[in-house]
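> These protein sequence lines map, in sequence, to chains A and B.
So the first sequence is numbered by my numbering: it starts at 1 and just counts up by one.
So the second sequence is numbered by my numbering: it starts at 1 and just counts up by one.
A couple of the hints might just be wrong.
Identical chains blur together in the list; that is why a pair holds if it fits in one copy or across any two.
Calculated lysine to any residue pairs in the SDA-like style (CA-CA distance at most 20 Å, straight line) [said to hold, decoys possible]: (1) LYS33 - THR91; (2) LYS128 - LYS142; (3) LYS83 - GLU120; (4) LYS142 - ILE130; (5) LYS168 - THR106; (6) LYS161 - TYR149; (7) LYS136 - GLY49; (8) LYS128 - TYR64; (9) LYS132 - ARG156; (10) LYS30 - LYS109; (11) LYS81 - THR169; (12) LYS33 - GLU9; (13) LYS161 - ALA141; (14) LYS136 - PHE56; (15) LYS150 - GLY49; (16) LYS161 - ILE144; (17) LYS30 - THR164; (18) LYS145 - VAL129; (19) LYS150 - TYR7; (20) LYS145 - ILE130; (21) LYS161 - MET139; (22) LYS128 - ASN32; (23) LYS168 - PHE17.
These are calculated hints, taken from the structure and not from any lab test.
Number of protein chains: 2
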Amino acid sequence: MEKIEDYIELVKETIKFLREGKVVVCSIDKNNKPNLMTIGWGSIGIVWGEPVFIIFIRPSRYTYELIEQTGDFTLNVFDDKYKDIINYCGTVSGRNIDKFKETKLTPLKSKYVRSPLVEESIISYECKVIGKIDIKPEMIAKEIKEKIYKSGDYHRLYIGKILTCYKKTILDI
Amino acid sequence: MEKIEDYIELVKETIKFLREGKVVVCSIDKNNKPNLMTIGWGSIGIVWGEPVFIIFIRPSRYTYELIEQTGDFTLNVFDDKYKDIINYCGTVSGRNIDKFKETKLTPLKSKYVRSPLVEESIISYECKVIGKIDIKPEMIAKEIKEKIYKSGDYHRLYIGKILTCYKKTILDI
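Build the full structure now, drawing on both the sequences and the hints.
Shown next, in the form of structure tokens:
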């Protein structure tokens, strides 16, 4: 993985893969067991003068528990080869399953955060939470509420400051 | 201005200009008088399955009042030629000043929203608010609170669904 100095070089590709549901959040528990969760929503930009990746996590998720404990996460973008694995990471809970073991993906030590990167990803980001914001029912369009929040469980936004990011180069493949 | 089918084609350039403080929010009051406000923060991505541009507006701003009334806004990206005008739009309030008149910028009828576009922009977006989220003091990192929120006035996030977007082509210049 090559370190990319400016995340702006990665935003187009990242959003493209994100809307295809090919981005996986990696977080870690207090016993240093990492977990994976596939996401299809998020946004990239600048907040409070910092480069940020904002992710949306429901309180019912195991990933929510872990990010609450550590205050950090990594984002890992996968290509089509990992389609089945990505689907799997979006459908089972890390409370009961060791997803790294099951998927045979490889955790890779991060430089700045506790949560590891995933070696097989083509793009990745290390993020530290600098703000959280909770979605409130009364502030969402009716059609969104009916479509997304039938069971409540309103998302918490994690504003993650991008500390560093990487891209796989020809040399890595 | 040429209509761009997929906003992903514009994200890199938009974030680049956004962090240089060259994006202007345009909103409109109930008497159809439009207003301009320069922003340097925001994020682009996918939320609730929709393409979105999230902007951060403080309740004290005139733009907040207008977006609360209409539920829409446009984003307009400017190049260096408009540097002075962009600075001006970030330092005076539309409560007292007609910024279109003062800057001689040209409002352009939007296709889907009430707020107009700005003809002189190089990239623009029409957005409809599908969600709002308020930042709470207790959920922000201490260093951000001290740097950004000394006077309180915590931002409201407007999650704007991107309804359409445009880019200036050689033919327009």
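> If a hint holds in the structure, say so; if it does not, say that too.
Structure-based check of each hint:
Proximity of LYS33 to THR91 under the C-alpha cut-off of 20 Å is restricted to the intra-copy arrangement: shortest distance 19 Å within a copy versus 49 Å between copies. Taking identical chains as interchangeable, the C-alpha atoms of LYS128 and LYS142 lie at most 20 Å apart only when they sit on different chains, with a minimum of 13 Å there against 32 Å within one chain. Taking identical chains as interchangeable, the C-alpha atoms of LYS83 and GLU120 lie at most 20 Å apart only when both belong to the same chain, with a minimum of 12 Å there against 43 Å between chains. In this assembly of identical chains, LYS142 and ILE130 lie within 20 Å of each other by CA distance solely across copies; the values are 9 Å between and 30 Å within a copy.
For a Cα distance limit of 20 Å, the shortest separation of LYS168 from THR106 inside one copy, 15 Å, qualifies, whereas the shortest one across copies, 45 Å, does not. Taking the shortest alpha-carbon separations for LYS161 and TYR149, only the inter-copy value of 18 Å comes in at or below 20 Å, while the best intra-copy value is 27 Å. With identical chains, the CA atoms of LYS136 and GLY49 are at most 20 Å apart between copies only, with a shortest distance of 18 Å across copies and 25 Å within one. In the homo-oligomer, the alpha carbons of LYS128 and TYR64 lie at most 20 Å apart inside one protomer (14 Å), although the nearest pairing across protomers, at 29 Å, exceeds that limit.
For the homomeric pair LYS132 and ARG156, the shortest alpha-carbon distances inside one copy (7 Å) and between copies (13 Å) are both at most 20 Å. In this homomeric assembly, LYS30 and LYS109 come within 20 Å of each other (Cα to Cα) only inside a single copy, at 16 Å, whereas the closest approach across copies is 55 Å. With identical chains, the CA atoms of LYS81 and THR169 are at most 20 Å apart within one copy only, with a shortest distance of 16 Å there and 37 Å across copies. Taking the shortest Cα distances, LYS33 and GLU9 never come within 20 Å of each other, neither inside one copy (31 Å) nor across copies (38 Å).
Taking CA atoms no more than 20 Å apart as the test, LYS161 paired with ALA141 passes between copies only; the shortest distance there is 11 Å, against 28 Å inside one copy. When the C-alpha separation of LYS136 and PHE56 is checked against a cutoff of 20 Å, the pair qualifies both within a copy, at 13 Å, and between copies, at 17 Å. Taking the shortest alpha-carbon separations for LYS150 and GLY49, only the inter-copy value of 16 Å comes in at or below 20 Å, while the best intra-copy value is 35 Å. Taking the shortest alpha-carbon separations for LYS161 and ILE144, only the inter-copy value of 11 Å comes in at or below 20 Å, while the best intra-copy value is 27 Å.
Proximity of LYS30 and THR164 under a CA criterion of 20 Å is satisfied in neither setting, with 23 Å inside one chain copy and 45 Å between copies. Proximity of LYS145 and VAL129 under a CA criterion of 20 Å is satisfied inter-copy only: 14 Å between copies versus 26 Å inside one chain copy. In the homo-oligomer, the alpha carbons of LYS150 and TYR7 never lie at most 20 Å apart, since the shortest distance is 36 Å inside one protomer and 29 Å across protomers. Taking the shortest Cα distances, LYS145 and ILE130 sit within 20 Å of each other only across copies (10 Å), while inside one copy they are farther apart (27 Å).
In this homomeric assembly, LYS161 and MET139 come within 20 Å of each other (Cα to Cα) only across copies, at 15 Å, whereas the closest approach inside a single copy is 25 Å. In this assembly of identical chains, LYS128 and ASN32 lie within 20 Å of each other by CA distance solely inside one copy; the values are 17 Å within and 43 Å between copies. Taking identical chains as interchangeable, the C-alpha atoms of LYS168 and PHE17 lie at most 20 Å apart only when both belong to the same chain, with a minimum of 15 Å there against 26 Å between chains.
The structure fails to meet hints 12, 17, 19 from the earlier list, while all remaining hints are met.
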